[in-house]
Every structure is written in C-alpha cells, then in structure tokens.
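Trainee: Sequence:
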Amino acid sequence: MAFMKNFSLVLVALTFAHSSFASTIAIIDSGSDYRHTALSAQYELNPRPSALPPYINDVYGWNFAENNNTVIDYKYLEVLKLVMPDIQKFFVLQVRSLDKTATPADIAWLKLKRNDDEFIKKIGIFGNFAHGTHVAGITGGHSTKVDPDNHPFAVKIIPTEVKLPFSVQFTKTEQFRAISNPVSKFSMGVGLRETLFVSALRGLASFQTKIFSKVGAYVNMRGADVANGSFGTGYSQLKGVVEMLYNMVFSESERSPVKLAQFTKDYMSLIIMKSRVMVDSAPHTLFVFAAGNEGTNNDVEPVSPANIRAENSMVVAATLRNRELAVFSNYGLMVDVAAPGVGISSLYPGNERGLMSGTSQASPYVAGVAGTMKNINPGLKPIELKSILMDTVDAKKWLVNKVKSGGVVNPERAYEAARLTNQGMTPFMASVAARKRVADVPTEAPSVKAPPSMDDIYGIMPLISPVN
0 MAFMKNFSLV
10 LVALTFAHSS
20 FASTIAIIDS
30 GSDYRHTALS
40 AQYELNPRPS
50 ALPPYINDVY
60 GWNFAENNNT
70 VIDYKYLEVL
80 KLVMPDIQKF
90 FVLQVRSLDK
100 TATPADIAWL
110 KLKRNDDEFI
120 KKIGIFGNFA
130 HGTHVAGITG
140 GHSTKVDPDN
150 HPFAVKIIPT
160 EVKLPFSVQF
170 TKTEQFRAIS
180 NPVSKFSMGV
190 GLRETLFVSA
200 LRGLASFQTK
210 IFSKVGAYVN
220 MRGADVANGS
230 FGTGYSQLKG
240 VVEMLYNMVF
250 SESERSPVKL
260 AQFTKDYMSL
270 IIMKSRVMVD
280 SAPHTLFVFA
290 AGNEGTNNDV
300 EPVSPANIRA
310 ENSMVVAATL
320 RNRELAVFSN
330 YGLMVDVAAP
340 GVGISSLYPG
350 NERGLMSGTS
360 QASPYVAGVA
370 GTMKNINPGL
380 KPIELKSILM
390 DTVDAKKWLV
400 NKVKSGGVVN
410 PERAYEAARL
420 TNQGMTPFMA
430 SVAARKRVAD
440 VPTEAPSVKA
450 PPSMDDIYGI
460 MPLISPVN
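Last residue of the sequence shown: number 467 in numbering that gives the first Met the number 0, and the count goes up by one each step with no gaps.
Don't read these hints as lab results, they were simulated from the structure.
Nothing here was measured: the structure is a model prediction, and the numbers come from that model.
Every residue, glycine too, gets a C-beta built ideally from N, C-alpha and C.
Check the hints yourself; a few may be wrong.
Stated by the list, open to error - Calculated lysine-lysine pairs in the BS3-like style (CA-CA distance at most 30 Å, straight line):
#1 Lys99 to Lys403
#2 Lys403 to Lys435
#3 Lys171 to Lys264
#4 Lys273 to Lys380
#5 Lys120 to Lys80
#6 Lys121 to Lys74
#7 Lys144 to Lys99
#8 Lys184 to Lys171
#9 Lys121 to Lys88
#10 Lys238 to Lys171
#11 Lys209 to Lys171
Claimed, not checked - Quick list of simulated restraints, FRET-style, between CB atoms:
#12 Glu310 to Ala394: 21 to 27 Å
#13 Lys396 to Arg47: 48 to 54 Å
#14 Lys396 to His283: 33 to 39 Å
#15 Gly239 to Ser205: 16 to 22 Å
#16 Pro52 to Gly190: 43 to 49 Å
#17 Pro48 to Asn400: 45 to 51 Å
#18 His283 to Ser198: 35 to 41 Å
#19 Asn400 to Arg436: 24 to 30 Å
#20 Thr36 to Ser205: 38 to 44 Å
#21 Thr102 to Gly190: 21 to 27 Å
#22 Val167 to Tyr73: 48 to 54 Å
#23 Pro53 to Glu173: 25 to 31 Å
Work out the full structure: start from the sequences and follow the hints.
Mentor: In structure tokens, the structure reads:
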C-alpha cells in the first residue's frame, strides 16, 4: 500500500541490540497476523502447545471469541481486497482532519463515505480484522524503533464479524422474557419488575464478562510480562444497552430517566468489578489499557476495563503527536499517562502497513515501552514498570488534570531508569536520576485552528468491545 511519503509519523524502523531476555506481550484484541513478514520473527510461538482441551494446539495463541486456535482468518484479505484503496485513503484523510490540515475536498470525500452503507460495513469488518495486527506491530516497535526482543502473541476476544450481540441474545432468554412479555407487564407491578430487571442485568453482566477469567488465566499460563488491552466498553455504549432492555420491560409511562441513569451506573460498576478477575488472575503481568475514544472524562463516565484500579494495570490516553490531547481521547485522573495515538503507522494483515488512530494505538506504544524495560531489567515487577513509566513522563501543561501523571511517556527516560535499577537503585530514585540525564521531547506549538468535531473524524470508533 502506498501512503504519503512525507507523512510525519511514518518513521524509519531502527533496531535495538538483542538482550538476553525477551519479553512476551499478550495482545488481547481481535487476532494478529503471525505470518506478517515484519512480525513473524518476533511473534511469540507457544513453546509448549497443549495437546489437551481446552487449548488444543495453541501455537499462535487462542481465540476465546470462537473457542479455537484460529487467531486470524485470512479469508478477509480477499473479502476486503477491492475496498482497501478507499479504506487506506479514509485513514489518511482522517488523520489530516485530526491534524487540522484537511481540505474541503478531503472533508467532502469523508462525508461521502460516511453515507455509503456498504463502505461503512466493510471498514467495520476491516477495523476488527486489522486492529490486533496493528496493535501487535506497535508493541514490537514497528511504529517507532523495532525491538526484536518484544514478542507479542494473540489472545483473540473480538470476532471479526459480530453476528448477534450478547444483549440481543439475552433478550431471548427465559429470564428476560419472564419480565418483558405483555402478560408480565400487566400482572407485575413496576416495583417488582424493577427488582427483577436488576437481577436480569446481573445475569447479563456475568454472561458478558465470563470470558475475562479465562483470558486472565491464559495470560498467566503463558507467562506474559505485559498484556495490552486496546478494547473496552464506554459508558455511552452500556447506556445504550441498558436503555434498550429498559424500554422492553417498562412502558413509556412507567419509565424514569433518573432510574435509568442509576441502572446504567450500577451496571457499569458491575461490569468493571467482574472484569477485574482478568487482571487479578495474572499478577505477574502488567496490563496496559486504552482509555477510550469518546472524548469523555473517565472519572465521571467510567470505561471498562480501563477503570479497573490495580497495582498491575495502567491506562493510556492519546495525544496528537507531542502537541495536545487528541480530541477523541478519554481523560481524567483514572487515566495514568498519555502517548501518541494519531496517525500511527504500523502493520496491517497481509504484509501491509497502514495508519490507525485512537487510544488503541497509544496503549500498545506504552506496552511496547514496558516490554523493552523488562528486557533491560527482567527483575522489574509490574508495579515497578508502572511507577517508572509514570515517574519519567514529560510533564505537559495541557495534560494537568487530564491524566494522573500529568505527562506523556518518555521511552528513552524510562529505559534509562530501567538500566539504573540494574545498578541497585530503587525505581523511584532511578526515575529521578533518569530525569536529570534524559531531556524532554520538545512540545510542538499548538494549532490555532478549531479542533474537528467528532462527526468530522468519523472512524475513530469506540473501543472494540467483547461486551455488547
């Protein structure tokens, strides 16, 4: 695929010297192209694939979405072949829009494609198909500097095509039909139906999050040093699910916006609580999560799993280069650090490269840095990796109260701190010393142009989500 030769974020791949330790990075996502010529040498093959259930022949990882060892379905290379030039152009123009350099012709073309139902269907399929490969490439350094000792492997939790959302499946269960059928509406009072509705939401939450205990156990079994989670469910997404179910159970005259808001809040808290088992099941792994792409405050409107608070997890917002918080990025003090997330060049399936934008790209940037830190000092624990990453950021005024650390991850400073811990320094003292030795990356001057609207940057989707 041919991209703009002068695109500022298409960086030449450099190489680190090999270390004696190679970190493994679980890519909890939509599957990764282990055949990609740029990735295959780094891809972490399971040295002890199982011959027994439940993970038979899991050489390349495991597909939890469909319970098999097919972590990528290569048929989609052919399915998407004809539309790829337009998909490629779409992401390039989207970046121009985010960078405030799009022409009226660019915006007109993007709006035309937004109204093309077939194109929207195909780009949605492409997003799921390519997402995990793009993320894996970033963790391996294929958007910045290749680290051959960062070894990603796929933990697929997102199907390429969602046939029937969990929430729709749930409406067909006996538990939900018992409170939503016309007879129940007539015979049961509102109070009883509200009690049963809460019980139904608990059942749905268990159904939607049951995958996470298995994912956490698998990540732990594989001994992953770092796990990247560029997936999630935003508050507005869950509100849509709860509202759909609420309207099926209660007539218009019975509905209360206040109660709907409380049901949504409680349901999100339940989803976050039940998702935590993934992080707790792999205590020796640092989980790095994307903050979300809705442009909202995670302190006010929570996101799962980003709002899980654990010593071995951290959350990443997205920046427009080193200039400003990306307009689509979620933020808040529940978010730990920021990293580049606009126009990131990485790998597409089928030996291709291309652009994507989102906190989905910022998160693996940090996961990759954590992997390289682990290569430098294999003794660093998840909480130590996290503290160094947060203590070595470039502080930015425009990130004050936007992320907990107040800054953008500085890879070279984090690596220097990791090296200093090899000399006996504590992570904190190593971070202090590294700050003196490694300079900040200069901040670009902010653009005076107004930021694009979310409508203008259509295609920065909500995080891909196993909870739907």
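Trainee: All the hints need checking, so say for each whether the structure fits it.
Mentor: Structure-based check of each hint:
1. Lys99 to Lys403: 27 Å, holds
2. Lys403 to Lys435: 21 Å, holds
3. Lys171 to Lys264: Cα-Cα ~24 Å, so holds.
4. Lys273 to Lys380: Answer holds: Lys273 to Lys380 is near 24 Å, not above 30 Å.
5. Lys120 to Lys80: 14 Å, holds
6. Lys121 to Lys74: Since the Cα atoms of Lys121 and Lys74 sit roughly 14 Å apart, the hinted pair holds (cutoff 30 Å).
7. Lys144 to Lys99: Holds, at about 27 Å.
8. Lys184 to Lys171: Holds: Lys184 and Lys171 sit about 17 Å apart, inside 30 Å.
9. Lys121 to Lys88: 14 Å, holds
10. Lys238 to Lys171: 20 Å, holds
11. Lys209 to Lys171: Status holds; Cα separation ~19 Å.
12. Glu310 to Ala394: 21 to 27 Å: 23 Å, holds
13. Lys396 to Arg47: 48 to 54 Å: Given about 50 Å between the Cβ atoms, the range holds.
14. Lys396 to His283: 33 to 39 Å: 36 Å, holds
15. Gly239 to Ser205: 16 to 22 Å: 20 Å, holds
16. Pro52 to Gly190: 43 to 49 Å: Taking Cβ atoms as reference, Pro52 and Gly190 lie about 46 Å apart, which means the hint holds.
17. Pro48 to Asn400: 45 to 51 Å: 47 Å Cβ-Cβ, so the 45 to 51 Å window holds.
18. His283 to Ser198: 35 to 41 Å: 36 Å, holds
19. Asn400 to Arg436: 24 to 30 Å: 28 Å, holds
20. Thr36 to Ser205: 38 to 44 Å: 42 Å, holds
21. Thr102 to Gly190: 21 to 27 Å: 58 Å, violated
22. Val167 to Tyr73: 48 to 54 Å: With a Cβ separation near 28 Å, Val167 and Tyr73 fall outside 48 to 54 Å, so the hint is violated.
23. Pro53 to Glu173: 25 to 31 Å: Between Pro53 and Glu173, where Cβ atoms are some 27 Å apart, the hint holds.
Comparing the model with each earlier hint shows violations of hints 21, 22; every other hint is respected.
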